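Student: Spelled out from the first residue to the last, the chains are:
Protein chains: 2
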Amino acid sequence: MINKVYVALIHYPILKKDGSIVSTAVTNFDIHDISRTCRTYNVKNYFLVSNLPAQRKIVERVVEYWTKGFGSDYNPNRKDALDIFRIESYLEDVIEKIEKIEGIKPKIVFTSAKPRNNVVTFSELSQVIRRAEDPILILFGTGWGMPEEIREICDYDLEPIRAKSDFNHLSVRAAVAITLDRLIGEEICYNS
Amino acid sequence: MINKVYVALIHYPILKKDGSIVSTAVTNFDIHDISRTCRTYNVKNYFLVSNLPAQRKIVERVVEYWTKGFGSDYNPNRKDALDIFRIESYLEDVIEKIEKIEGIKPKIVFTSAKPRNNVVTFSELSQVIRRAEDPILILFGTGWGMPEEIREICDYDLEPIRAKSDFNHLSVRAAVAITLDRLIGEEICYNS
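Sequences listed follow chains A and B, in order.
Residue numbers for the first sequence follow my numbering, so the first one is 1064 and each next one is one higher.
Residue numbers for the second sequence follow my numbering, so the first one is 1064 and each next one is one higher.
Heads up, some of the hints might be wrong.
Pairs involving identical chains hold if they fit within one copy or between any two copies, as the list cannot separate such chains.
To be verified - Heads up, simulated SDA-like pairs for lysine to any residue below, C-alpha to C-alpha not over 25 angstroms straight-line:
id: 1; residue 1: 1142; residue 2: 1178
id: 2; residue 1: 1079; residue 2: 1155
id: 3; residue 1: 1142; residue 2: 1231
id: 4; residue 1: 1080; residue 2: 1222
id: 5; residue 1: 1160; residue 2: 1085
id: 6; residue 1: 1120; residue 2: 1090
id: 7; residue 1: 1227; residue 2: 1245
id: 8; residue 1: 1160; residue 2: 1178
id: 9; residue 1: 1163; residue 2: 1182
id: 10; residue 1: 1080; residue 2: 1140
id: 11; residue 1: 1142; residue 2: 1208
id: 12; residue 1: 1131; residue 2: 1076
id: 13; residue 1: 1142; residue 2: 1092
id: 14; residue 1: 1168; residue 2: 1156
These are calculated hints, taken from the structure and not from any lab test.
Note that the structure is a prediction, hence the values are computed from the model and not measured.
Required output: the full structure, derived from the provided sequences and hints.
Tutor: Now the structure itself:
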């Protein structure tokens, strides 16, 4: 459902350049740029996933600055945007949280810039979001992308953005923005 | 022309929260996130505009890290993306550079999240980019947006993204990504 869209940014498990599994470092922009994008497109919650307690602590400090510290007075828009932000240790926790809110498990969407077979197109997924009753959770990777073990548990595998371009290395911040705009566009929906 | 699209990110002159004119601080992500987006959409050059020599020096150091330093080996994609990146002191310098490359002044596009009258729609501007012969320069603001004095010299004033949403405070990184995707989409063009 268009008013039950959730986004998660995965920092673990993530592929490293050499194919091994790592935890990636969180950047400030992963927190506030993506929160602002999600809030603008009426995403219900934006989850940042990191298994490292020290990373989660940094995130909590940044969020506190913008929601309770100097930043909350100076730039109250950012406070509004961070209202939908959540931090979790594992993807399983995110799925559980959504199930608790909605009473049903979300349909999960895998995204990647790499060419793959059996992908759903943006226009097909846009229809699914409008017609299906289920909540939708869209996953985005960091580093060199999400591993196969995550793709296997997903219900949909979304086509890449500009796969035919001679260069399609968008930042994840840009990929989230373009994906939500292609799926939701100018449609206004309020979270139920 | 679709293969003569240029982007500029303005750090001066910019509106401060109180309406006065300031120079805003550059962030790393203004450099590499937007370069990657522009490169993905075959933008010919992405100009960052700052009138402060100390800021331009920081930008040059960041660019050097990714094009000649450790970053160029570790992440060569970023080096490719930064090939189209340029830094200039003033908007006038950007216009002059484009005129030198193209032999003709660019048509200039103003963007803002604020509601305004007499705007061009994304679909209209998309047609202009495909049909007109002139190069196109799309301007994006930082801080609290670009002042009226910049809007007055622009040929087109582009409609805001999600103006009807109860929140439309996208980061400029997200706004650039969505704007280029709406105007160019999956169309492949190579720079002439």
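Student: Give a verdict on every hint.
Tutor: Hints, one by one, checked against the model:
1. 1142 <-> 1178: between (37 angstroms within a copy, 22 angstroms between copies)
2. 1079 <-> 1155: Close inside one copy (21 angstroms), not across copies (43 angstroms); limit 25 angstroms.
3. 1142 <-> 1231: between (32 angstroms within a copy, 13 angstroms between copies)
4. 1080 <-> 1222: Classified as within; 22 angstroms inside a copy, 40 angstroms across copies.
5. 1160 <-> 1085: Classified as within; 24 angstroms inside a copy, 44 angstroms across copies.
6. 1120 <-> 1090: both (13 angstroms within a copy, 23 angstroms between copies)
7. 1227 <-> 1245: Answer is both; intra-copy 17 angstroms and inter-copy 17 angstroms each pass.
8. 1160 <-> 1178: Neither, since 31 angstroms and 37 angstroms both go past 25 angstroms.
9. 1163 <-> 1182: neither (29 angstroms within a copy, 44 angstroms between copies)
10. 1080 <-> 1140: between (36 angstroms within a copy, 12 angstroms between copies)
11. 1142 <-> 1208: Cα proximity of residue 1142 and residue 1208: across copies only (19 angstroms, versus 29 angstroms in one copy).
12. 1131 <-> 1076: For residue 1131 and residue 1076, neither the intra-copy (31 angstroms) nor the inter-copy (30 angstroms) Cα distance is at most 25 angstroms.
13. 1142 <-> 1092: Both, since 14 angstroms and 21 angstroms are each at most 25 angstroms.
14. 1168 <-> 1156: within (12 angstroms within a copy, 54 angstroms between copies)
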